[in-house]
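> Sequence:
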Amino acid sequence: MSSLNWNQQSMVILLVSTYLYGAYTMIFGTCLYALIFRQKASPLRLKLLMVTVALYLLSTAQAAITFWQDFVTTDLEPDGSDGGDPALKHVNLQFALGSVIGDMLVPFANLIADGLLIWRCYVLWDRRPSIVVVPTILLLATTACGFAFAAFDIKAYSIRLVTPLGTVEPASERAKLATQENATIVAMSAASCVTNVLMSGLIAFRIWKLTRNMGERKRRYLRLAWLLLETGALYSMCLVLYAVFGGLNVTSTMGSITLGNGVVTNISQQLVGIIPTVIILLVALGKTVSDQTAEYSVKVHQNFRKGDQLSTIQFARQPSGVQTSDATCEVHSIEPRDRSDTLKSSDQGDPDKVRDVEAC
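full-length UniProt numbering numbers the first residue of the sequence shown as 1 and each following residue consecutively.
Honestly, the hints are just simulated from the structure, not real lab data.
Some clues are possibly wrong.
[What the hints assert, rightly or not] In silico BS3-like links for lysine-lysine, alpha-carbon gap of 30 Å or less:
(1) Lys209 - Lys89
(2) Lys218 - Lys47
(3) Lys89 - Lys155
(4) Lys209 - Lys176
(5) Lys209 - Lys47
(6) Lys40 - Lys218
Given these sequences and hints, build the entire structure.
Here's what the structure looks like:
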């Protein structure tokens, strides 16, 4: 890979970005259709639509920036330098400006994606603030590091902008900025990685815990738990690689490092939108199209009778006022009686005895 010249590296990066963006576009279109035409109007649907559209617009902007950067830099030297040509220096500045804009979009995308994950975990865990205190702090740290990295990037761009042609940037200032950028990349990626692993694990564990006595019927919900774990692990692994290549790219001029950083960066930029959109799509489709759980929303009402607790686990709920159709989700409940669990189906539950679990 190190033998590839600048244009060849750009083609590889553009190919990865275009492929993932194309896949994301199909998922986004399907998700929009499911939310608009398969769901009745509700505040939850509006929120999910806003999150879905916002993430897609951010990923679209990143894909457009990647295409523009690769398009305008086709005349650069094989190593990506300007060769002392004033026109090519302007091209390099355009490339750097695109990187600055892209870096400014990253914290917004992370804030929305990780925020959605924290919200789902908070709802599923009986809306307990203690469950999401640490993830919320990590989310704020991730966002702060993202904006800090963008600020350092802007400063580096401004220095390059005023540096006369034929001269090099001040070595001390460049080294200082490189150290700061490296630290913020590692901190941002680490905080986001821990958030994703922690939230995905807690959500999956909660699903397993609430369905462990459902017998064969728990498989449909365990598939959702595995999906959350797999997507969380995939994105977390990508964040680790992003931190490694991002940190090395700040101080290295090797072609393989530059290529690896470009590929991993573009994968991260698309996955940050793809994974939440897939989960929202499962919410919108419900059991009619998929066996996955539709909504997680938690309303806990407990009633103890002679030491026994009656609880109903509701995995999908038809919104009030919605007419019954083929898309209506079935409600399954578990009632522990005499130390044994009985599985039944019902459409309503006593609010004083019901534990409703909706997946959001």
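> Taking the hints in turn, state whether each one holds.
Okay, the hints, checked on the actual structure:
About 59 Å separates the Cα atoms of lysine 209 and lysine 89, which puts this hinted pair outside 30 Å; it is violated. Distance check on the hinted pair: lysine 218 and lysine 47 sit about 28 Å apart at the alpha-carbon level, within 30 Å; holds. For the hint linking lysine 89 to lysine 155, the alpha-carbon distance of about 18 Å falls within 30 Å, and the restraint holds. This hinted pair does not check out: lysine 209 and lysine 176 have alpha carbons roughly 49 Å apart, beyond 30 Å.
Only pairs whose Cα atoms come within 30 Å are accepted, and lysine 209 paired with lysine 47 is accepted, the gap being roughly 28 Å. Pair hint lysine 40 plus lysine 218 holds up; C-alpha atoms about 27 Å apart against a cutoff of 30 Å.
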